[in-house]
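Asks: Each chain is listed here by its residues.
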Amino acid sequence: MIGGLFIYNHKGEVLISRVYRDDIGRNAVDAFRVNVIHARQQVRSPVTNIARTSFFHVKRSNIWLAAVTKQNVNATMVFEFLYKMCDVMAAYFGKISEENVKNNFVLIYELLDEILDFGYPQNSETGALKTFITQQGIKSQSKEEQAQITSQVTGQIGWRREGIKYRRNELFLDVLESVNLLMSPQGQVLSAHVSGRVVMKSYLSGMPECKFGMNDKIVIDKQNKGGSSEEGGKSGKQSIAIDDCTFHQCVRLSKFDSERSISFIPPDGDYELMRYRTTKDIILPFRVIPLVREVGRTKLEVKVVIKSNFKSSLLAQKIEVRIPTPLNTSGVQLICMKGKAKYKASENAIVWKIKRMAGMKESQISAEIELLPTNDKKKWARPPISMNFEVPFAPSGLKVRYLKVFEPKLNYSDHDVIKWVRYIGRSGIYETRC
Amino acid sequence: MPYMGGDDAVRELRRALSNPNVQSDPLRYRNTILKVIRSMSQGVDVSGLFSEMVKACATVDIVQKKLVYVFLCSYAALNPELSLLVINTLRKDCQDPNPMVRSLALRNMTNLRLPSLVEYVEQPLTAGLRDRAACVRRVAVLGWAKLYNLQPTSEIDASVVNELYSLLRDPDPVVIVNCLRALEEILKEEGGVAINKPITHHLLNRLKECDVWGQCDILRVLQRYKPQSDDELFDILSLLDASLVSPHPPVMAATLSLFLHLCPDLPAVSQAALERVRGPLLAACGSASREMRFTALCHIQLLLRSLPGLMGAHYKRFFCGYAEPAYIKQRKMQVLVELVNDENVVMLLDELKGYCTDVNADTAQAAISAIGRIGRSYSDRCLEILTGLLGLKQDHITSAVVQTMRDLVWVCPQCSDTVCVALEGCEETLQDSQGRQALLWLLGVYGERVSSAPYTLEVFIDGVRSEASLGVKMELLTTAMRLFLCRPAETQDMLGRLLHYCIEEETDMCVRDQALLYYRLLHCGIEETRKVLHGPRSDPSLGVLIGRPAEPISQWASSFNTLEPLRQVAVETESVSRGSPEHVTTDLSVTLSGCRVHDVCSDGVGRCADSSADVPPPLSLSPSPALSPEEFERLWLQRRALHAERGAEKTGEEDFVRLEERVRCPAVPHCSPQSLQAAMQLLNIQTLAFTPPHALPWRVYLYTHTQHTHSDDTPRRTLILGELLCTGGDGDGEGEEGGGGATGDGVRKPEEEEVKVTLQQQPRDDEALRGFLSILTSVLHTLTSESE
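Protein sequence lines correspond, in order, to chains A and B.
Under this note's numbering, the first residue of the first sequence carries the number 483, and numbering increases by one thereafter.
Under this note's numbering, the first residue of the second sequence carries the number 448, and numbering increases by one thereafter.
Heads up, a few of these hints could be off.
[Claimed, not checked] With a straight-line Cα cutoff of 20 angstroms, these simulated SDA-like cross-link-like pairs (lysine to any residue) come out: (1) A:737 <-> B:692; (2) A:577 <-> B:737; (3) A:584 <-> B:485; (4) A:881 <-> A:658; (5) A:886 <-> A:673; (6) B:655 <-> A:658; (7) A:699 <-> B:692; (8) B:800 <-> A:889; (9) A:612 <-> B:508; (10) A:577 <-> A:647; (11) A:647 <-> A:901; (12) B:800 <-> A:673; (13) B:840 <-> A:809; (14) A:612 <-> B:510; (15) A:541 <-> B:771; (16) A:541 <-> A:612.
[Claimed, not checked] Quick partial rundown of chain B residues pointing at chain A, CB under 7 angstroms, derived from the structure: (17) 506; (18) 509; (19) 517; (20) 615; (21) 700; (22) 723; (23) 738; (24) 808; (25) 1008; (26) 1013; (27) 1154.
Hint data in this document are derived by calculation from the structure and do not stem from the laboratory.
The C-beta atom is built at its ideal place from N, Cα and C for all residues, glycine as well.
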């Protein structure tokens, strides 16, 4: 159980403090500030033990959230709870920043009251919480509309109220993936994984039952056993192996466990249907080939080639390659075939931006870096070259096979619903060592 | 209102609150209250407004109520008398038709935390337990726990406890979990809520309905349950199987913890469970949030203590990302060290080498000592990297490398040559006291092999006046003494100067006393001094080439999924800051109960322990004079070559004999090297090298000296070298000795049940050899029966 929850800004000023149990004294707030936020060295561990009190902290932008306890608790649970807390706050007022926290402090107190009672987590679903929360979130950059507060929680389904009606039944489905890569200078993949999310926006009347299907290997293999063999050869190649996935609470897990089918009654509006992770057969949209040559002590020649590795009909966007430079760089000459490149002295990096790039192309940049002679013998650690991009496909190879809607009570059927599907692949930590 | 002082603000707020115009306009009233709360959270003392706020409490507006409650709960402790006024309103709210208002009132009533109000709270709480709205019951149940915490000495009504027990069967899952939590607190003295069979089964059935937090709490409480039969146990386990691979790390961890608690007597089940969670654990290690990654890594370290092979194939998942925080990198390196094997060692070392130049000095140091740990098994490769790092001439790296080398040499004395060469010249870059201490230790112990040792020492001695670190001074004294023993001509003068300074001018008592001790020791003569100063150069207990033995799961099961595994950071980093390696007490000596025998017998001829009764009395074994691993290897290979040359012709060569024998002892290859070594040492057999348990082919090398009184009364000493080999299922293909062609023999038991013993003796003494073999066989049998 959690004894108290504090929120600090980056200076260590307390923005919110809520103590749930008497064993947490008032000085606990200061102890954390002095020992962790104001400590000279880097954070040594996300769990700090001060005077037999444990502080679990999580940082979001420049805000510190700390959960305090005197008991020997389950660490994973406390961290998971802090993440949940962040999610709930983000759902109410957007980004967790000092300004937003200050503007919404009453709301936060109210949330803290509902989510934790006597230090025990109670109710942490944003949808269900809306019944109990009276304050509206104040978003500093409010883009999405605040969903309406439902008057009462009804029936078994906490995430959807009855009597919703739309003139046009629409469904938006986004497959958002971030692809992470760590590659050795020789082009060997050291680690790669894709973490993806299926985000939906549903505007459906009544209490519809949805069924979602994708090219999950287990499902496809199962079907192939029954189906014809020629078809199996075709689809078997395109199926993907999902390492692990989690679902929104609306998905019936028992059905997923037994037959791997994803069926659910969707919440109204925006929500995240599932999260998943894959590590096998990832399509790496870009390959970065670095060539670094040290010419004497004061010059460095860098050549970086990027190759796009997807269908030539597709276009990647917002490509940015960040090539780190040594601290003692005095000047940089750049030649690039495509896009714009700039040396940013403040960031110690060459930033090369390309607006668009089609698949199966390659482009290169060469840079001559002049170095100041130093007597510092420290070897330059050569941080990895990182990359950012956005591509219109799912690097994991995930494909939506179907999304069916059934609403037996109201008279609209699956093909009356307008469905939109979109794939976006973004770079996560996409690094190549040089 | 940044320009207004606290007092002015409070006065202003009070005026606004008591203004009838404001009070009649709900929106203005609410905004004024909001201002009060805002100043409260900014740290202004608004306790003076308590009475006004109490008045504001009586309203139908829920928003306003909530705001006032936030205020009241913060200041109630300061105004116990005035708080009485609130109780009335709160109790009225408890009768409200709206369940939200009821639960709100009930929660805040218990949150006031005033012992004086307890009597007013009890009645509405009792009513709350029977409320028809679930949200009120949730609050009421926990309310009792709060009440109990306010007055831990007072007895809680037995009827309430009964009612709480009956609420464990409430339709609402949160009420169930809250009940469990409340009962745990209220009945803490009695050891928590009573977990019997019906309750357990009920909770397990409702588990799926609860949220993540509820599941965690239920699983934790169930750890106390003892299933009555094996069937029941397996039913429970199969019921929990789905949660074991739950995508939520807390649930997964809690389930695993429950598994480990439920079946401590079934290691196979626990092991299967551990293997099953490998996937989810690895997923947690790669999760987006660093705290979760850290927690998962800490728990993986715990698992590896019992199942070192668990993550072997996935070592790449523990490679560090550039931007990861230092604490994760360090943990990952600790895991990587555990995962090293013949196939991945090149890749792993390459990766670790990359971390050695990390910007963060702590990370770099951790990487270097990780390489040192791997060096215990792959010393050549690691030493190459370590010496390469010295070339960078950076103080923190050099310091870490020297410390690592010291630790490595202590365990693997065969590395000393390379280390001695590498040491030359690194004193210039060393800055910190830890590194210099390590360098001094190495100079003292291997002084005769480092040609520049006296010069290096001279620099230290000349600078002793400005030396700040106590540890360095103490180490310097010992080193100077040791070096004097092996190179007296070069060091005599500087030792004199050092002793003079330390005795006459040094202010620190410890240093002065040590110097005096050495001074007086020198008076006793050089031989005496040598006896005192000549400690062991390497860890006497460790001929073992591998790390820790696999611990039983029960050793850490109780700390799994708590804070403990996360805390160990501090302990492990501290071990770096210690002084010389001989000061470290290895935990090994604790496990080796018979280890002491070795010391007693070091005078040359030791008697066998009496435990082995079938040993012919005149044969005695002794591990000394000690044989270094290199010597052993040389002798062994040389003899084997000799043996191969002679081939089958059995010459009655006097000085040398070779014997092969098979012993049936199936469990020995699976017992830990430590216990094997302890058993051998009891009988004065020195073991030199091991493969880890369960590895195939499994080998142990050992030696001993026999002394055997023949009938002709001339004691004869022989040296016996031995190898135990178990090739497992894949036959003898690995064994170069090509033993016996037993694979083709269908009648025999599977190979893994047998250990092939190869002995080489010099000079030949058949009787002693047979005697030794029977001792060895009985040890192996004893070990087998023990581990069964």
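Asks: Going through the earlier hints one by one, which of them does the structure break, listed in rising order?
Replies: Failing hints, ascending: 5, 6, 8, 10, 16, 17, 20, 22, 24 and 27.
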